[in-house]
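As given, the protein sequences belong to chains A and B, one line each in that order. Position 66 (the first sequence) corresponds to 66 in my numbering; numbering is contiguous. Position 79 (the second sequence) corresponds to 79 in my numbering; numbering is contiguous.
Where hints are given, some of them may not hold.
[To be verified] 25 Å max Cα-Cα, derived DSS-like pairs, lysine-lysine:
(1) A/K96 with A/K427
(2) B/K39 with B/K88
(3) A/K69 with B/K71
(4) A/K123 with A/K327
(5) B/K65 with A/K69
(6) A/K427 with A/K134
(7) B/K78 with B/K39
(8) A/K427 with A/K327
(9) B/K39 with A/K68
(10) A/K68 with A/K123
(11) A/K123 with A/K240
(12) B/K65 with A/K96
Note that these hints are calculated values from the structure, not bench results. Small disclaimer: the values here were computed from a predicted structure and weren't measured.
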Amino acid sequence: MALMTGAEYIESIRNLNLQIYMFGRKIDDPTEDPILRPSLNSVRATYDLALMPEYEDLMTVTSSVTGKKINRFTHIHQSTDDLIKKVKMQRLCGQKTAACFQRCVGMDAFNAVYSTTYEIDRKYGTSYHENFLKFLEYSQENDLTVDGAMTDPKGDRNLAPSRQADPDLYLRVVERRPDGIVVRGAKAHQTGICNSHEVLVMPTIAMGPDDKDYAVSFTVPTNAENLFMVIGRQSCDTRKTEGSALDVGNCEFGGVEALVIFDNVFVPNDRIFLNGETEFAGMLVERFAGYHRQSYGGCKVGVGDVLIGASALAAEYNGAAKASHIKDKLIEMTHLNETLYSSGIACSAEGSKTESGNYIIDLLLANVCKQNVTRFPYEIARLAQDIAGGLMVTAPSEKDLKDPKIGPYIEKYLAGTAEVSTETRLKVLRLIENITLGTAAVGYLTESMHGAGSPQAQRIMISRQGNLEQKKNLAKAIAKIDK
Amino acid sequence: MIIGIKYCGGCNPRYDRTGAVRSLASAMPYAEFRPAAGKEDYIIIVCGCPAECVDHSTLTAGREKIIVHDKEKAAEIKEQIEIRERKKR
């Protein structure tokens with residue numbers, strides 16, 4: 001099975017019987033829960049699109065491992081063209097879901113672990129790369145969704161992992177056995193975890209010699225013993241339990257995050273990719289972060305496309321589409337959105353080959369890309385709300401709209417242009433609400449701020465990669481300064 | 001006549017690619033349309049924008065490979081094929 005259908009994917013997740021908690025109780029069947037299902041549907045889209053002829057050129061690729069046709073989300077990039085097509089695929093998936101489709105993080109982890117394990121093995125003669133290749137082939141052959149888990153809770157940010165008051169605030173090895181290791185800790189903000197077959201754990205920061213037990217990377221199935229998840233709350237989340245397609249704005253797709261607890265989880269030796277080689281923790285983090293910062297130049301652009309379209313429709317529906325300031329705001333939104341895309345494409349086109357043979361993005365441009373993503377979606381969202389008008393947050397519920405007594409008044413007084421029904425007008429306003437301050441704002445805004453590293457993390461990388469000395473020399477040459 | 005269709009990935013198409021192919025198919029009811037495999041009389045590479053990033057190097061058409069990236073060119077495919085067919089006769 002090189003490619004799963006969407007329906008097969010849903011069943012495969014159902015069969016995992018994941019340990020998921022929400023609102024103080026364990027969820028019996030996460031695949032049917034109204035709050036979780038839209039998130040699952042977003043991942044399902046990555047399977048459905050791969051089987052559609054009009055999208056397969058981006059969604060699928062020939063495996064460098066098996067030579068078979070695979071979903072690009074399980075691919076190891078073989079060229080800068082692969083890096084570019086990755087960004088294009090992400091834009092497409094964002095357009096089709098208007099949400100986080102969650103599968104990028106595993107792809108980015110694959111590519112970072114692939115090259116890092118190769119270099120660890122060369123230095124230490126370990127077999128991490130071979131371990132990873134086996135896991136990679138297994139993932140490709142079974143078309144798995146893999147969650148890349150990096151972010152530890154981190155406790156006191158001023159202290160190294162080994163200096164924390166509670167040693168479990170960074171995930172660590174608590175026992176080494178002949179057949180594997182036992183790990184304890186947690187990973188926070190895991191968007192795709194409850195829709196993934198496997199979790200690929202990585203360290204979250206560069207580490208020193210005292211942090212040996214924390215320099216660990218591995219995979220386990222998401223239904224591993226002693227692994228469980230606690231779903232995070234989102235603004236407007238319980239609207240999804242009310243049965244109204246209109247009020248939620250995007251009734252089919254979404255994304256949720258979870259805190260994942262590893263409460264003494266066993267990892268067999270052949271699933272370990274890093275185990276105590278502290279000097280490689282930084283390399284793995286930097287490479288994963290670089291790939292993931294590139295990703296945002298695709299996925300958020302796709303969601304931005306939907307938001308710009310929704311804003312244009314909102315203007316049309318209330319008769320304001322021809323106003324010059326509306327046209328200008330739509331131009332500005334497009335300019336900002338395409339600027340994000342430009343840096344996503346640029347860092348891909350300027351990619352290079354690693355020692356292991358896969359391709360990595362240009363780190364400076366990837367960090368510039370993500371730095372823009374921490375800002376521009378907020379401005380796009382502000383302009384969308386400007387165009388939408390106050391009704392976006394004051395409109396009555398669908399139940400009122402459908403009420404025999406109240407409904408006709410809502411139809412009458414919240415009407416826009418004569419050609420469009422009040423319900424249609426409200427649908428597009430609810431979509432804008434969903435993306436800019438509802439459940440999807442978690443993905444479109446706050447995730448844009450903090451996902452793949454908060455803004456300061458990119459500024460540090462930009463500072464390191466910015467080549468300031470060369471720029472000073474350029475200025476000296478022009479100004480005829482000798483020393 | 002067999003016509004093979006190969007789409008680009010569709011990340012940001014400037015026109016309705018599948019709609020253009022549907023229109024073409026309904027205008028040419030005598031032709032069989034199918035996903036391009038490389039053995040069709042004509043292969044149409046349907047790109048969404050001028051980047052034409054789809055890799056179609058492994059696809060060889062029996063008569064001609066036609067690449068389009070806008071709706072104007074897509075609308076001319078039928079005429080292009082008919083001219084080619086007339087010349088052949």
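We went through each hint and held it up to the structure:
{"no.": "1", "hint": "A/K96 with A/K427", "verdict": "17 Å, holds"}
{"no.": "2", "hint": "B/K39 with B/K88", "verdict": "18 Å, holds"}
{"no.": "3", "hint": "A/K69 with B/K71", "verdict": "30 Å, violated"}
{"no.": "4", "hint": "A/K123 with A/K327", "verdict": "58 Å, violated"}
{"no.": "5", "hint": "B/K65 with A/K69", "verdict": "24 Å, holds"}
{"no.": "6", "hint": "A/K427 with A/K134", "verdict": "47 Å, violated"}
{"no.": "7", "hint": "B/K78 with B/K39", "verdict": "19 Å, holds"}
{"no.": "8", "hint": "A/K427 with A/K327", "verdict": "21 Å, holds"}
{"no.": "9", "hint": "B/K39 with A/K68", "verdict": "21 Å, holds"}
{"no.": "10", "hint": "A/K68 with A/K123", "verdict": "32 Å, violated"}
{"no.": "11", "hint": "A/K123 with A/K240", "verdict": "52 Å, violated"}
{"no.": "12", "hint": "B/K65 with A/K96", "verdict": "30 Å, violated"}
When each numbered hint is compared with the structure, violations occur for hints 3, 4, 6, 10, 11, 12.
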